[in-house]
Amino acid sequence: MKRSTQVAAPLLAAAAMAMLAGCKGPEMQRCVDENNKVVDDSFCHQPGQQRPDGHGGFIFVPMPYHYYYGGYGGYGLGSVVGGGSYTPTPGRAYSTTSRGGFGSSFSGGHGEGGGEGAGE
Amino acid sequence: MKRVSITPREDWQQKVESVGLVFHTLDNGDPYWDESAAYQFTAAEIDTLEAAGNELQTMCLAAAQHIIDNKRYAELEIPWAAIPAIEWAWQNEPPAIYGRFDVSWAGASSGHAPKLLEYNADTPTSLLEAAVVQWHWLKDMPESLVSSKPDQFSSIHEKLIAKWKDLDEYLSKPVYFAALDYPEDQLTTIYLRDTAHQAGLETLQMYMAEIGWNSELQAFLDPNEDQMFSIFKLYPWEAMLAEEFGPHALDTYQSVRWIEPIWKMLLSNKGILPILWELYPNHPNLLEAHFDSPGHMTSYVKKPLLSREGANITLVRPDTQAIETDGPYNGKRMVCQALAPDAVFNNVSGNPRYPVLGLWMVDQECCGLGIRESAGPITDNLSSFVPHFFV
Numbered sequence: 001m002k003r004s005t006q007v008a009a010p011l012l013a014a015a016a017m018a019m020l021a022g023c024k025g026p027e028m029q030r031c032v033d034e035n036n037k038v039v040d041d042s043f044c045h046q047p048g049q050q051r052p053d054g055h056g057g058f059i060f061v062p063m064p065y066h067y068y069y070g071g072y073g074g075y076g077l078g079s080v081v082g083g084g085s086y087t088p089t090p091g092r093a094y095s096t097t098s099r100g101g102f103g104s105s106f107s108g109g110h111g112e113g114g115g116e117g118a119g120e
Numbered sequence: 001m002k003r004v005s006i007t008p009r010e011d012w013q014q015k016v017e018s019v020g021l022v023f024h025t026l027d028n029g030d031p032y033w034d035e036s037a038a039y040q041f042t043a044a045e046i047d048t049l050e051a052a053g054n055e056l057q058t059m060c061l062a063a064a065q066h067i068i069d070n071k072r073y074a075e076l077e078i079p080w081a082a083i084p085a086i087e088w089a090w091q092n093e094p095p096a097i098y099g100r101f102d103v104s105w106a107g108a109s110s111g112h113a114p115k116l117l118e119y120n121a122d123t124p125t126s127l128l129e130a131a132v133v134q135w136h137w138l139k140d141m142p143e144s145l146v147s148s149k150p151d152q153f154s155s156i157h158e159k160l161i162a163k164w165k166d167l168d169e170y171l172s173k174p175v176y177f178a179a180l181d182y183p184e185d186q187l188t189t190i191y192l193r194d195t196a197h198q199a200g201l202e203t204l205q206m207y208m209a210e211i212g213w214n215s216e217l218q219a220f221l222d223p224n225e226d227q228m229f230s231i232f233k234l235y236p237w238e239a240m241l242a243e244e245f246g247p248h249a250l251d252t253y254q255s256v257r258w259i260e261p262i263w264k265m266l267l268s269n270k271g272i273l274p275i276l277w278e279l280y281p282n283h284p285n286l287l288e289a290h291f292d293s294p295g296h297m298t299s300y301v302k303k304p305l306l307s308r309e310g311a312n313i314t315l316v317r318p319d320t321q322a323i324e325t326d327g328p329y330n331g332k333r334m335v336c337q338a339l340a341p342d343a344v345f346n347n348v349s350g351n352p353r354y355p356v357l358g359l360w361m362v363d364q365e366c367c368g369l370g371i372r373e374s375a376g377p378i379t380d381n382l383s384s385f386v387p388h389f390f391v
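For the protein sequence lines, the chains are U and B, in the order given.
Position 60 of the first sequence, counting from 1, maps to 60 under the working numbering, and the rest follow consecutively.
Position 353 of the second sequence, counting from 1, maps to 353 under the working numbering, and the rest follow consecutively.
Don't read these hints as lab results, they were simulated from the structure.
Hints should not be assumed to be uniformly reliable.
Okay, the calculated beta carbon distance ranges per label pair [as the list claims (entries may be wrong)]: (1) B/ALA108 - U/VAL39: 55 to 61 Å; (2) U/MET17 - B/GLU10: 16 to 22 Å; (3) U/VAL39 - B/LEU217: 36 to 42 Å; (4) B/GLU365 - U/GLN29: 57 to 63 Å; (5) B/VAL391 - U/LYS37: 19 to 25 Å.
With a cut-off of at most 20 Å between alpha-carbon atoms, the simulated EDC-like pairs for lysine to aspartate or glutamate come out as follows [said to hold, decoys possible]: (6) B/LYS173 - U/ASP33; (7) B/LYS302 - B/GLU243; (8) U/LYS37 - B/ASP226; (9) U/LYS37 - B/GLU50; (10) U/LYS37 - B/GLU158; (11) U/LYS2 - B/GLU50; (12) U/LYS2 - B/ASP226; (13) U/LYS2 - B/ASP380.
Glycine included, every Cβ here is placed at the ideal spot set by N, Cα and C.
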């Protein structure tokens, strides 16, 4: 046999369903933990904690929660999200990081297969 | 090898959507996923294609070594600033996952060997069609068509998962998957991420434009300000290098595992074609090719070093008017490649269809076939994907 014994691609199938349902873009916003599991929104409102540093002072420990936009996974607490994107956590400082330095070459009409994109 | 007409499955659109293919129909309303036909091969023909893919891979790796040994970067218009990173990557063998050879062939009865058209070694797509969608299609086909033991040249899925498992100890986690916001790119990237996930790797996904550069840390950061060490990008190196963060990617190349690695620039460049012909003249899997001019050839294709989607291709035959396609690559360096022997099959209406056979390489091994088909001899963005099986 030269074909795979079994082909299951659950993340792919779920992402395709989410695209068809229009669940894409900033309209679906969830707070997720470091494992991309949906948690209560209040966790994303906490910028972090002050914890003793062992030398009489305190250090700032950021919380491992952030917002996740679009993709699949719904809003249910504990469900795993994917296929979308996340954005900077509110309340944290990002002043020295610039973005948008990749991705500007293909503004449309490029790529192969479905017609657009950077693949071929 | 023959093209057989088939009645598409009832609700085929929903069936392919359910396994991940939402871009099944072109803007003009024609199917991109076209299951009104399939290509049927013999097992011996599949063996021929598999051997051709493996042979081409061996030759391409030798050609890359030749380019590096002889510093032939300028002929491929590789930016000089990228050379140290390319040479480092070649020596240190960072992870490389996949690629797709496009070959022309009309089957064993043609009397010819499969001929290499080009190597999409950096950002190949049509992956989920070949690995997932046609696999599920074959499951639904009746025995009257495909025999009681239908087979297909597609173990891509298993090979990808196995490759990620092999790479696990060499990759910092999470492995990021970055692409543009187009359905085809997103779903191809999600599929690759899915295979990494099934291999047990921790993964995250983001858009290319979300990759951040922190000049104080001299590091790429994800949107949550975490440093990125392992990045799969469905985005060509030549575009990355031309963009704002390109110099940073080169400066920090040794501390980031970019997949595919930057040395793939040597193979995804059409300049590899004349170099292969120079190293392996008259090899049965190659077409004669030269930089800039056709030499003595009277039937040939002229194409830019870095064109996509059939752009800026000129097809020349004696005594007929040349066929030219538009595109943004005018003024760029060209290669001239001999025309492949005819590989044309008529559809049920008697119209010609021109297949291009995509041979999938995972972990340097040929493990799958995906067929794109066009109404003319140049594969463009109106081509369709046609499934295959063998008996």
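Checklist entry - Against which earlier hints does the structure fall short, listed by number upward? => result 3, 4, 5, 7, 9, 10, 12 and 13
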